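Given next are the chains, with one letter for each unit.
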Amino acid sequence: MLLIQFLNALQFSMTLFLLAVGLTIIFGLMKIVNLAHGSLYMVGAYLGLSITNYTDSFWLALVIAPILAALIGAILYSILFKHIQNADPMKQVLLTFGLIYIALDSVRLLWGTMSHSISAPNILSNSILLVNEPYPSYRLFVIAIGLIVLFILYIILEKTKIGAKVRASVDDPETAQLLKINTDKILFYTFALGCGLAGLAGITVAPILGVEPGMDMEVLVLTLIVVVVGGPGSLKGAIIGSLLIGFVDSFGKVYIPQLAQIIIYAVMALTILFKPDGLYKR
Amino acid sequence: MHAVNNNPQLRLQLFFALLVSAIIANIFGGYFTRFFVAEIVILSIFAISLDFIASRGGMVSLGHAMFLGIGAYATAILTLNYGISPFASTFLTFIIASLIGLIIAYFIVLLDGIFFIMVTLALGEMFNSWVFTSDYLGGSDGISGIMRPDLAFIGIDTNNPLVFTFYVLLWLISIYFLLIKITDSPLGKNLDAIRQNSNRISAIGGYTKAYKAIAFSLSAGIASIAGSLYVQLNGFISPELTHWTVSGEGLIMIIVGGIGSISGAILGATVVHIVQHELSSIINWWMLVIGFGFILIVLFMKDGLWGLLEQIQKKLR
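Read top to bottom, the protein sequences are chains A and B.
Using the working numbering, read the first sequence as starting at -13 and increasing by one per residue.
Using the working numbering, read the second sequence as starting at 3 and increasing by one per residue.
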């Protein structure tokens, strides 16, 4: 029983991680909070739904939906975000607020207001026996995807030259520019990548939670809390934050269902009080 | 935050123009128009509470729907469970929300721009999820059966929409002149100075935190008055009122109207509410249009409609 809950919590943490990592690095680079990040998660799930329906292949959806989400991100960056980098925070936030409305209504127009479900691919539709308890193998697959992305991002950010350039741009964009680092290009690619990962989170979660308008709102606030708690702008912060919030939420819902939500906010409040820069400070 | 240039004359002219339009619409309008005007007046109170902290204190709150909710729920509970009159409960909610606002402000007013936005959003959502799960507050059903103030002793029936709209208008007028007074007072000047350079104010011995906390608390109280009046207008409260998008729409109103002039916030609330209402009655996909509208406004209307009015005024001279 405990193992099952542990794995559920881990799966949720990994979904939160996929969402938070993009948001946090975009924040680190641009000091912009993209409230429409959750919308890309929703759009990713819907695109995955259509691809699965047309091609009968979940695997194709798993690859293409995140790429399309990344493309949308690239377009949004080029026509909007690039131009509001130095605007005041209120205007930035409200612009992304407008995007939420657009995404929500577009999804309703294109796919209707009903909720849909995607079935997991055949290989992953069974349960595996784990210490005498059956556990859906698809959830293990989601955990694996999260861990793989985490590993790849870690290698890229910490061990490669591109990663060093990204970190330099987060820490000190002006000096980075002086050192001939093309921060605009870095921004463009990280923005698209972050949106792509949000799309990946959407399509991977779809077989578990279903696809419906408004799914973006549910994760948005949790993702923001992960970013605040973990400490904005860092990969490690996103990991710590998503594990903490994922576990508190999952275990809270099982053991103290009435207070589960409140506890998450309490965690955030305590973090702000005692560690205003987040648990992991770069 | 964009610096605010005061133009007291235009500010007052705009306010009276809006006031006269509201009074005319109320007198000559039908049942629906009167209800609609009351809604706009209440939204205006909410918008100026946001405008006050955004312009004076540089604090952008995406969690102010919480105070709207505190006003609404406190009014419902005070009147239904404790038998306190609706009129008195509006005052009481102001005190309750100001105190809660003060406590919250103590922890958050020194946070930087974007962090302040994220934290207020999260706090607002905390309240929202609590309201949804609380049996005492009626959960997702909300609370219904809330009465309007009983002014029968002076021969007035507030259930008459004409009367109730004038009643909420009186609240708006009082709050408006209170805020104008505060904006031009030492507190307002201090807040201006803090917004422009808080380090310098700390260095010369100013109480940055205290001033900002007082402003936030006052704004929370004003938002709760809007909530209290809203629940009296409708007779019921639904937890949807406390969702963060309500705060977001409030902020859009002050962007449309122009931040910092108070009158601009009222103009913004009026325009946004009318456009939203008209659009949603014509097309189903009005949110799509509104979303694009929000983006265009943020990108291209620097000082909102207030800025436009100032330009027109300059040309007329």
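It should be emphasised that the hints constitute simulated quantities derived from the structure, not laboratory data.
In this text, all values refer to a predicted model and were calculated from it rather than measured experimentally.
Every residue gets a Cβ at the ideal spot worked out from N, C-alpha and C, and that includes glycine.
One thing to keep in mind: the hints can contain errors.
[Unchecked claim] A few chain A residues that face chain B, going by a derived Cβ cut-off under 10 Å, partial list only: (1) M(-13); (2) I(-10); (3) L143; (4) T146; (5) I148; (6) Q247.
[Claimed, not checked] Using 25 Å as the maximum straight-line C-alpha spacing, the simulated DMTMM-like pairs for lysine to aspartate or glutamate come out as follows: (7) A/K239 x B/E242; (8) A/K77 x B/D159; (9) A/K68 x A/D42.
To see whether the hints hold, each was checked on the structure:
{"no.": "1", "hint": "M(-13)", "verdict": "25 Å, violated"}
{"no.": "2", "hint": "I(-10)", "verdict": "25 Å, violated"}
{"no.": "3", "hint": "L143", "verdict": "22 Å, violated"}
{"no.": "4", "hint": "T146", "verdict": "29 Å, violated"}
{"no.": "5", "hint": "I148", "verdict": "26 Å, violated"}
{"no.": "6", "hint": "Q247", "verdict": "4 Å, holds"}
{"no.": "7", "hint": "A/K239 x B/E242", "verdict": "22 Å, holds"}
{"no.": "8", "hint": "A/K77 x B/D159", "verdict": "43 Å, violated"}
{"no.": "9", "hint": "A/K68 x A/D42", "verdict": "37 Å, violated"}
Of the hints listed earlier, those the structure fails to meet are numbers 1, 2, 3, 4, 5, 8 and 9, in rising order.
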